[in-house]
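Enquirer: Could you build all of it, start to finish, from the sequences and the hints given here?
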Amino acid sequence: MATTEKNDDRYTVPALMRGLQLLMLFNRDERELTGADISRRLELPRASVFRMLQTLEQGGFVERVGDGAYYKLGLAVLRLGFEFLASMELTEYGRPVIEALRDASGYSAHVVVRDGRDAVFIAKVAGRSALFHSIQVGARLPAHATVLGRLLLSDLDLDGLRQLYPEPELPSYTPKTPSTVEQLKVLIDADRARGYGVSQGGFETGISTIAAPVFNDRGEVAAAVSITVPAQQVQPGELEVLIQQVREAADRLTARISHSPDRGGWQTKPTEKKVA
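In terms of the working numbering, the sequence shown is residues 1097 to 1372.
Don't read these hints as lab results, they were simulated from the structure. Glycine included, each C-beta is placed from N, C-alpha and C at the ideal position. It is possible that some hints are incorrect.
What follows is a list of derived Cβ distance ranges for each label pair [said to hold, decoys possible]:
| no. | residue 1 | residue 2 | range |
| --- | --- | --- | --- |
| 1 | 1291 | 1162 | 47 to 55 angstroms |
| 2 | 1269 | 1144 | 36 to 44 angstroms |
| 3 | 1114 | 1177 | 16 to 24 angstroms |
Expert: The structure is reproduced here in structure tokens:
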């Protein structure tokens, strides 16, 4: 009997695929695009792109910017994103955990997951300071350049990291950004040995981040819990207290999503995964 391929092209709807590819062209750096921009990048006729934009506009997935030629993502995309986040177990269980962490520490607290080479914020509660606004839900940071990302990458061995970052030199954001996969692995291993990560002005000047890993029922890193401190350096006494608070919060979220009172993770984990 013939075996059916999982990704059989016979069941692909080309028009739908092109529409999804169109929506994915918009990002934080390019929030507005013209039909000509889209036509060029998708290598499609302008007439086809115009019809796609009209269809997506009717559904609220894109909006025209004023009376000009530019389009931006519409509220329907935002609604889908929030519905997805609301349905995630990590978001449901994570919110009360980071609310308690915020109340204990006074600082903005977050739940972050990895999507490929990005660390993505899926839940956030604001700190007490009205003068400081930390990163928002849905924001992405480069995993290799942040302490959050290093924790989320910690299940990968060196071969797995090389598959994820095949380029000879990693993108640099600050002098502290590792420039090679080998340098990145050293930092990952150091955070893993500690069981948490701290970055003081490492990615953004004037901001310190304290983070700890969250594990699923297989002992894999599923997320990270973090707080953001609006300071270049945190005093050693305060830092010790904050680290303990973050680790306890991560342990609570681990217990909730793994349905086990015992903390899973690196202490009991037998091996590292080799692929992304």
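Enquirer: Should the hint that residue 1291 and residue 1162 are 47 to 55 angstroms apart at their CB atoms be regarded as holding?
Expert: holds, 51 angstroms
Enquirer: Just tell me: holds or violated, for the beta carbon distance of residue 1269 and residue 1144 against 36 to 44 angstroms?
Expert: With Cβ atoms ~38 angstroms apart, the hint holds.
Enquirer: Assuming the hint says 16 to 24 angstroms, is it satisfied by the Cβ distance from residue 1114 to residue 1177 or not?
Expert: holds, 21 angstroms
The structure shown violates none of the earlier numbered hints.
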